[in-house]
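Whole structure, please, built from the sequences with the hints as guidance.
Top to bottom, those sequences are chains A and B. Every letter in the first sequence is one number past the one before it in this note's numbering, and letter 137, counting from 1, is 137. Every letter in the second sequence is one number past the one before it in this note's numbering, and letter 192, counting from 1, is 192.
To be clear, the hints were calculated from the coordinates, so they are not data collected in a lab. None of these values were measured; they are calculated from a predicted model. Glycine included, C-beta positions come from ideal geometry on N, C-alpha and C. It is possible that part of the hints are untrue.
Unchecked claim - What the simulated footprint calls covered on chain A by chain B, stretch by stretch (three residues with Cβ under 8 Å from a Cβ of chain B suffice, anywhere in the stretch; the number is not a length):
id : stretch
1  : 18-29
2  : 100-108
As the list claims (entries may be wrong) - Straight line, CA to CA, 16 Å or less: simulated EDC-like cross-link-like pairs of lysine to aspartate or glutamate:
id : chain 1 : residue 1 : chain 2 : residue 2
3  : B       : Lys207    : A       : Asp109
4  : A       : Lys58     : B       : Glu162
5  : A       : Lys26     : B       : Glu182
6  : B       : Lys211    : A       : Asp109
7  : B       : Lys369    : B       : Asp294
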Amino acid sequence: MYKTSSYIMLVDDEKDFVEMLGLRLKENGENVIAAYNGKECLDTLEKKQIDVIILDVKMPGMDGIETLQKIKAQHPLIEVILLTGHGTIQSAVEGMKLGAFDFLLKPADFQELTKKLNKARERKKEQMERIQKAEAAMLLRQSKL
Amino acid sequence: MAEHINLLLVDDENDFRQILAKRLTRRGMYVREADRGEKALQMMEEQPVDIVILDIKMPGLDGIECLQRIKANHDMTEVIMLTGHADVHGGVTGIKSGAFDYLTKPVELEHLIRKIKQAHHKIQRILAEKEEAAFKERIQQQMVVAERLVALGTMASGVAHEINNPLAVIQDSAGWLHQILEKPEMQNMPRIDDFKKGLNRINTAVKRAGKITQQLLQAVKTQTTEMVDPSTFVEVSLKKLTDEAITLVEPEASLKNIGITLESCEPHPIAWTDPLQLLQVLLNLLSNAIQATDAGGRVTMILAASLEEAKIIVKDTGCGISKENISRIFEPFFTTKEADQGTGMGLYVSWGIITGLGGLISVESEIDKGTTFTITLPVKK
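What follows is the structure, given as structure tokens:
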């Protein structure tokens with residue numbers, strides 16, 4: 001298992017679930033941060049650099065879809081994977097239209113979750129690289145002026 | 001004129017009877033004759049009769065007694081009594097015993113024909129009423145079943161939602177322990193294989209439970225979102241879809257040496273529906289049919305269509321379903337299979353899908369003869 005410098009946030013009102021999934025991801029060498037509702041998630045994002053968020057759709061108060069919209073509005077580069085316990089893929093589809101990277105049905109298979117997590121992280125990394133390249137190009141052009 | 005009325009003319013006076021029979025036949029009625037009450041009863045056993053014209057005064061079994069026996073055994077048959085000129089009393093007794101009416105001899109032909117037609121109308125009316133009552137009862141039964149299924153589904157899906165979360169916790173707890181056991185430093189742990197075995201069992205059981213909740217939620221979803229999203233509806237050749245379903249279950253069938261045949265009407269019926277969901281239902285019905293049928297049996301699929309609807313019929317020569325079970329067959333979690341063979345969700349899901357597609361699914365079965373499932377789908381939207 002490799003160590004990464006990336007950070008993953010788990011958001012779910014079910015504390016036991018967050019804890020156990022967190023332990024599994026940590027066992028795989030991930031850096032995991034927990035949040036137990038939408039507000040906590042958004043507050044943490046202000047303080048901490050996060051790469052991928054695993055977000056439960058069904059939460060009391062601010063639900064997953066609303067949280068997702070706020071995440072995407074304020075931090076568009078963060079990738080979000082939705083967890084839906086509904087069996088209804090409806091909310092997942094809606095979420096993906098709003099910019100979520102992918103979704104998983106609860107209870108999710110850990111292998112699958114890891115795969116999607118890596119893909120999401122990969123996409124974020126590539127996007128960051130493109131931005132850096134573009135910035136470099138921009139600086140280069142400015143220096144030539 | 002008369003729409004094939006079957007008459008039985010009963011009179012011991014041969015001349016009178018034969019002439020009357022000839023005249024009534026000429027008016028387009030099917031007339032049979034009997035010269036005695038006993039013979040009349042016997043003829044009625046052999047072939048049904050709509051209306052009996054019955055002389056009251058006969059040797060042996062007399063008219064009134066004969067009438068009583070007819071009414072006891074053939075409640076849909078109407079009887080017109082013929083009485084002697086001075087025998088009003090006999091006619092009245094006849095009506096009291098259930099005769100449609102009586103005529104006094106000598107009989108005026110037009111009068112008799114009028115009475116026959118009246119009696120025939122009465123029969124038709126009663127038949128129509130009976131049919132209507134049976135239809136109403138069938139619809140009502142279907143509604144009762146549908147209501148119960150919806151109520152059950154709502155409750156079950158509530159349970160499924162709530163169970164998914166603890167399931168996820170169980171799965172990840174077991175998974176976490178398993179991950180730890182995979183670490184190099186753990187490899188010398190005593191009885192590590194027992195731990196792994198236990199954890200694998202937990203994992204398998206959780207997967208099974210998760211599958212049940214997902215099926216349940218899918219079924220409830222398909223029947224509660226009014227209709228399935230019509231954007232997934234396309235023109236579907238039922239022949240093609242059925243062929244595909246048969247191809248998919250063929251390996252399973254050939255293991256038991258069961259032949260699957262498809263009979264389709266021409267032209268092949270087309271339905272406007274969701275092919276994936278319909279395929280799921282067909283696979284469910286086919287695999288049920290194969291499981292219920294002994295080696296060497298046969299499964300038949302029949303496609304039929306009218307202007308309004310298309311029918312897909314799946315018929316097996318299997319063990320059949322008992323009366324007690326057939327009324328519960330579409331309920332969630334109802335199964336007669338071993339615990340790890342079936343969840344009791346298959347037909348419930350199928351019912352939900354077909355209802356969602358705007359169709360109907362019904363079942364008929366006879367023990368040891370086989371079972372027939374019929375799906376009815378609207379042809380156009």
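Structure-based check of all given hints:
1. Here's how the stretch 18-29 of chain A fares: 6 of its residues keep a CB closer than 8 Å to some CB of chain B, so the rule of at least three is met and the hint holds.
2. By the rule of at least three residues with a Cβ nearer than 8 Å to a Cβ of chain B, the coverage given for the stretch 100-108 of chain A holds, with 4 such residues.
3. Distance restraint check for B:Lys207 and A:Asp109: the Cα-Cα separation of roughly 9 Å lies within the 16 Å cut-off, and the hinted pair is therefore satisfied.
4. About 11 Å separates the Cα atoms of A:Lys58 and B:Glu162, which keeps this hinted pair within 16 Å; it holds.
5. A C-alpha spacing of about 14 Å is found between A:Lys26 and B:Glu182, which places the hinted pair at or below 16 Å, so the restraint holds.
6. Taking the CA atoms of B:Lys211 and A:Asp109, the gap is near 12 Å; set against the 16 Å cutoff, the hint holds.
7. Note on B:Lys369 and B:Asp294: the hinted pairing holds, with a Cα-Cα distance of about 11 Å set against a maximum of 16 Å.
The structure is consistent with each of the numbered hints, conforming to all of them.
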